[in-house]
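Participant: Chain residues, written in single-letter form:
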Amino acid sequence: DTEVTQTPKHLVMGMTNKKSLKCEQHMGHRAMYWYKQKAKKPPELMFVYSYEKLSINESVPSRFSPECPNSSLLNLHLHALQPEDSALYLCASSHQLEDTQYFGPGTRLTVL
Amino acid sequence: DAKTTQPTSMDCAEGRAANLPCNHSTISGNEYVYWYRQIHSQGPQYIIHGLKNNETNEMASLIITEDRKSSTLILPHATLRDTAVYYCIVRAAGGSGNTGKLIFGQGTTLQVKP
Chain A
1 DTEVTQTPKH
11 LVMGMTNKKS
21 LKCEQHMGHR
31 AMYWYKQKAK
41 KPPELMFVYS
51 YEKLSINESV
61 PSRFSPECPN
71 SSLLNLHLHA
81 LQPEDSALYL
91 CASSHQLEDT
101 QYFGPGTRLT
111 VL
Chain B
113 DAKTTQPTSM
123 DCAEGRAANL
133 PCNHSTISGN
143 EYVYWYRQIH
153 SQGPQYIIHG
163 LKNNETNEMA
173 SLIITEDRKS
183 STLILPHATL
193 RDTAVYYCIV
203 RAAGGSGNTG
213 KLIFGQGTTL
223 QVKP
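Chains as they are written, first to last, in this note's numbering: chain A, 1 to 112; chain B, 113 to 226.
It is possible that part of the hints are untrue.
Selected chain B positions facing chain A (in silico; Cβ < 8 Å) [stated by the list, open to error]: (1) Cys124; (2) Gln154; (3) Gly212.
Simulated pairs of lysine to any residue, SDA-like, Cα-Cα distance not exceeding 25 Å [what the hints assert, rightly or not]: (4) B:Lys115 x A:Asn70; (5) A:Lys9 x A:Asn70; (6) A:Lys22 x B:Ile215; (7) A:Lys41 x B:Ser182; (8) B:Lys213 x A:Ser20.
These are calculated hints, taken from the structure and not from any lab test. If you're wondering where the values come from, they're calculated on a predicted model, not measured in any experiment. The beta-carbon is built from N, C-alpha and C at its ideal position, and this holds for glycine as well.
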């Protein structure tokens, strides 16, 4: 089983809203990732967690706040986003950092 | 991680083999070649990876040249559902400072036609 789930599938929010994206895996993976994908562009890494600790932040603006409350769950808290933040947000997980990453279906975010 | 070069787009007839090339001339000895694909608006799907030897699984075959500077992903009998963007990615092996980064290039858009 290589399933990574993400909720919600779609999210529309205003620039003053606070919302969260959720990612879950039950494969016992200890590394989890957030990627952002703009339309017609490849995915770009945002954050990497290893053993529930943040190991990489790719200079992401502070209006994106990741959280890894346990080994199965990864959240992305959103606050004061801009319309240009509209994108597909992808979560992935891997057994360890050097192992194959498996992606979830993504959350399509629209910021109005 | 080494950079990869792929053709922007390719067509393939349904039922025929699709051969997707990838150049990675600066690959290091401890770097793997990974292939993912992304069907429209879905998450990337892992296909296969290899280090030196050719690899085959239920989805595809990966042929890596002896000098490791290029590789080819082969879908043996392409179907309409194989229409997707295919990404070739080079990344470090474990114990080599692998940070977990996957750096996606622009990929190859494969169109399978009836």
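Participant: Is the hinted pair Lys213 of chain B and Ser20 of chain A satisfied, with a Cα-Cα distance of at most 25 Å?
Facilitator: holds, 23 Å
Participant: Does the closest beta carbon of chain A sit nearer than 8 Å to the beta carbon of Gln154 of chain B?
Facilitator: Hint on Gln154 of chain B: holds, closest Cβ of chain A at ~6 Å, below 8 Å.
Participant: For the pair we were handed, Lys115 of chain B and Asn70 of chain A, check the Cα-Cα distance against 25 Å.
Facilitator: Violated: Lys115 of chain B and Asn70 of chain A sit about 34 Å apart, past 25 Å.
Participant: For the pair supplied as a hint, Lys22 of chain A and Ile215 of chain B, is the alpha-carbon distance within the 25 Å limit?
Facilitator: Status holds; Cα separation ~23 Å.
Participant: Is the hinted pair Lys41 of chain A and Ser182 of chain B satisfied, with a Cα-Cα distance of at most 25 Å?
Facilitator: With a Cα-Cα distance of about 23 Å, the restraint between Lys41 of chain A and Ser182 of chain B holds, given a limit of 25 Å.
Participant: Please work out if Lys9 of chain A and Asn70 of chain A have their alpha carbons no farther apart than 25 Å.
Facilitator: holds, 22 Å
Participant: If you take the shortest Cβ to Cβ gap from Gly212 of chain B to chain A, is it below 8 Å?
Facilitator: holds, 4 Å
Participant: Cys124 of chain B was flagged as interface toward chain A. Is the shortest Cβ-Cβ separation under 8 Å?
Facilitator: Cβ of Cys124 of chain B sits 21 Å from chain A, so the hint is violated.
When the structure is compared with the earlier hints, violations turn up for hints 1, 4 and for no others.
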